Amino acid sequence: MKAIYLDNNATTRVADEVIEEMLPYYGTLYGNPSSMHTFGGQIHRKIETAREQAAFLLNAEPEEIIFTSCGTESDNTAIMNALQTNPQKRHIITTRVEHPAVINFCKAMSKNGYSVTFLSVDKLGRLNLEEMKTAITDNTAIVSIMYANNETGVIFPMEEIAKIIKSKGVLLHTDAVQTAGKISIDVKALPVDMLSISGHKMHAPKGVGVLYIRKGTRFSPYIIGGHQEKGRRAGTENVASIIGLGKACELAKKQLHDEHTRIKALRDRLEQGLLKSCPDTRVNGDTEHRLPNTTNMSFEYVEGEAILLRLNEDNICASSGSACTSGSLEPSHVLRAMGIPFTAIHGSVRFSLGMYNTDEDIDIVLDKMPKIIKELRELSPYGRVEQKS
Amino acid sequence: MLQRNMWEYTEKVRELFLHPKNIGEIENPDAVGEIGNIVCGDALKLTLKIDRDTDRITDAKFQTFGCASAIASSSALTELIKGKTIDEAVKITNKDIAKYLGGLPREKMHCSVMGREALEAAIANYRGVKPPEPEEGEIVCKCFGVTDEKIRRVIIENNLKSADDVTNFTKAGGGCGECIPEIERILKEVWAEKAVEEAIKPRKKLTNIQKIAMIQEIMEKEIRPLLQAHGGDVELIDVDGNKVIVALRAMCTECLMADITIKDIEKKLKELVSEELLVEAE
Numbered sequence: 000m001k002a003i004y005l006d007n008n009a010t011t012r013v014a015d016e017v018i019e020e021m022l023p024y025y026g027t028l029y030g031n032p033s034s035m036h037t038f039g040g041q042i043h044r045k046i047e048t049a050r051e052q053a054a055f056l057l058n059a060e061p062e063e064i065i066f067t068s069c070g071t072e073s074d075n076t077a078i079m080n081a082l083q084t085n086p087q088k089r090h091i092i093t094t095r096v097e098h099p100a101v102i103n104f105c106k107a108m109s110k111n112g113y114s115v116t117f118l119s120v121d122k123l124g125r126l127n128l129e130e131m132k133t134a135i136t137d138n139t140a141i142v143s144i145m146y147a148n149n150e151t152g153v154i155f156p157m158e159e160i161a162k163i164i165k166s167k168g169v170l171l172h173t174d175a176v177q178t179a180g181k182i183s184i185d186v187k188a189l190p191v192d193m194l195s196i197s198g199h200k201m202h203a204p205k206g207v208g209v210l211y212i213r214k215g216t217r218f219s220p221y222i223i224g225g226h227q228e229k230g231r232r233a234g235t236e237n238v239a240s241i242i243g244l245g246k247a248c249e250l251a252k253k254q255l256h257d258e259h260t261r262i263k264a265l266r267d268r269l270e271q272g273l274l275k276s277c278p279d280t281r282v283n284g285d286t287e288h289r290l291p292n293t294t295n296m297s298f299e300y301v302e303g304e305a306i307l308l309r310l311n312e313d314n315i316c317a318s319s320g321s322a323c324t325s326g327s328l329e330p331s332h333v334l335r336a337m338g339i340p341f342t343a344i345h346g347s348v349r350f351s352l353g354m355y356n357t358d359e360d361i362d363i364v365l366d367k368m369p370k371i372i373k374e375l376r377e378l379s380p381y382g383r384v385e386q387k388s
Numbered sequence: 000m001l002q003r004n005m006w007e008y009t010e011k012v013r014e015l016f017l018h019p020k021n022i023g024e025i026e027n028p029d030a031v032g033e034i035g036n037i038v039c040g041d042a043l044k045l046t047l048k049i050d051r052d053t054d055r056i057t058d059a060k061f062q063t064f065g066c067a068s069a070i071a072s073s074s075a076l077t078e079l080i081k082g083k084t085i086d087e088a089v090k091i092t093n094k095d096i097a098k099y100l101g102g103l104p105r106e107k108m109h110c111s112v113m114g115r116e117a118l119e120a121a122i123a124n125y126r127g128v129k130p131p132e133p134e135e136g137e138i139v140c141k142c143f144g145v146t147d148e149k150i151r152r153v154i155i156e157n158n159l160k161s162a163d164d165v166t167n168f169t170k171a172g173g174g175c176g177e178c179i180p181e182i183e184r185i186l187k188e189v190w191a192e193k194a195v196e197e198a199i200k201p202r203k204k205l206t207n208i209q210k211i212a213m214i215q216e217i218m219e220k221e222i223r224p225l226l227q228a229h230g231g232d233v234e235l236i237d238v239d240g241n242k243v244i245v246a247l248r249a250m251c252t253e254c255l256m257a258d259i260t261i262k263d264i265e266k267k268l269k270e271l272v273s274e275e276l277l278v279e280a281e
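Protein sequence lines, in the order shown, are assigned to chains A and B.
Mind the numbering: the first sequence is residues 0 to 388 in numbering that gives the first Met the number 0, read in order.
Mind the numbering: the second sequence is residues 0 to 281 in numbering that gives the first Met the number 0, read in order.
Treat the hints with care, since some could be wrong.
Claimed, not checked - With a Cα cut of at most 30 Å, we get these calculated DSS-like pairs of lysine-lysine: (1) B:K20 - A:K370; (2) B:K90 - B:K193; (3) A:K110 - A:K132; (4) A:K122 - A:K167; (5) B:K83 - A:K106; (6) A:K106 - B:K141.
In case anyone wonders, no lab produced these hints; they're calculated from the structure.
Computed from a predicted model, the values in this text were never measured in an experiment.
Please model the complete structure; the sequences and the hints are all you need to start from.
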């Protein structure tokens, strides 16, 4: 039975065109791009093509693109770079809703003598730009703020943020892992200094990422060794994956507009349908400024893991901010930062769509979900009371 | 930590989650047990029908808000107690619930503890005694409202040795984590008390080797860490019959309280090993 995959913010299926592009580099074309001979040299040229494709997606220059091993490495490298190149500055600004790749890195730095400001968000998951402005001091080495949130899909006003940060002359990094390929990014119009992308969130394989670094920004490498990536990221290139990522960037750029419209329509139909068929259900986050593919919904009186496992029986894949699915007992830090009531966090489910989702997928979820919620509420000591009333 | 998924549950958990038995609420129940709350992420309401002449549980139903293992644990509990007398039911532990399910992932053991607690509350309710208040004792974990009494009991019943396991079984420490040092302190205390109990039992039969081994262990685990915390230290030099010879080290050597320290060590060893021990400085 085919999986109905609505967990594209976790990872995506590698596009067929991407796999096709990659395969020769696992086979006959196994050369090392650093070699002097033509056999390796042709691989180098292919990597440069991938660099151009990635640059094209962001409207950047190819030399502003560094290939990394993942989004986390890009995030870590960006922040570490700012700290290394501004050794006199000991303050970092980020938000309470970042991905662990940023939040936990900043927490680790706070143990190394850095002070970190974690900006709060309101109940719709929006930043207070005044708070951000006043947090900046002469001691601030970097501001790292995600472009869009992985759990809620809420998009931060990056242009306004960049304008404020740059007017203060502070470095700005944005984690655009969830944004790239979903909405248009133009670094010529958006004055961020560094920006992270991950391959597997946009139909390229796992284990490859991009760090965009604006020309003229000082750079201190995070991984030190050979001269790959012009000495900015050592280690023999993950050739096939980089080539795959290049292809995925090209596809994303080509499809961006049409897919945006199509996926948004599917998402909205799913969301509206569930709000109608499941009483006591809410959408978490700012629906005005949101990725087209994501919805985070709370089903009151039921617990997220139970919902996911029931969905799993119907081969429907989603995720939850519930404590029971986090691996720890703590529910989602993003939903808590938004002040969503605990009862709603426990029953939160994230559906995130991708280019392989169809109308039929949505029909099936709309068909199955009301029954699941109803039955779990009948099990619950709270749901019964509420449903009766 | 691992993201949990369906494949980490046993077939029995899966079955009782997808097709739970004994769902609902008995009308005019003879006993009600409620435990947990919606904020904590799991809650269970147990209702029982009991034959008053024989004290036998003739029916049991549950309602649970929680994850798959909470639902399966509740259902398992009702299956376990149906047909049992109150005296039989009272002996059921969280381990029996977990066993019925073919085991639970360790970090889900608190679901089985919730089942046991609901049963206790229901039995207390039936017997007309005040149920064991969950508030009994001091709250240690503020996130999940877990008391020191509950932590102690679960540590002993399940032979827990680490703070991680206390979290797995009670949820305490699984929120902000602020109370983990306190949980570790309780663990130490419980096992130190246990060590005393153990020490009292075989006291008369202690061989010289056992006695020396115990003295060494208590010096290492109980006494040295205390002194080290204040910059001091102590070394065990020899054991001659009932005479324990030690040497104070580090800050202790210059301390005016050295005599008192020696007395304290003696007191601890008398308490834990043998009344006859005398401690002397080298």
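Taking the hints in turn, this is what the structure says about them:
no., hint, result
1, B:K20 - A:K370, "holds, 18 Å"
2, B:K90 - B:K193, "holds, 22 Å"
3, A:K110 - A:K132, "holds, 24 Å"
4, A:K122 - A:K167, "holds, 28 Å"
5, B:K83 - A:K106, "violated, 53 Å"
6, A:K106 - B:K141, "holds, 23 Å"
Hint compliance for this structure: hint 5 alone is broken.
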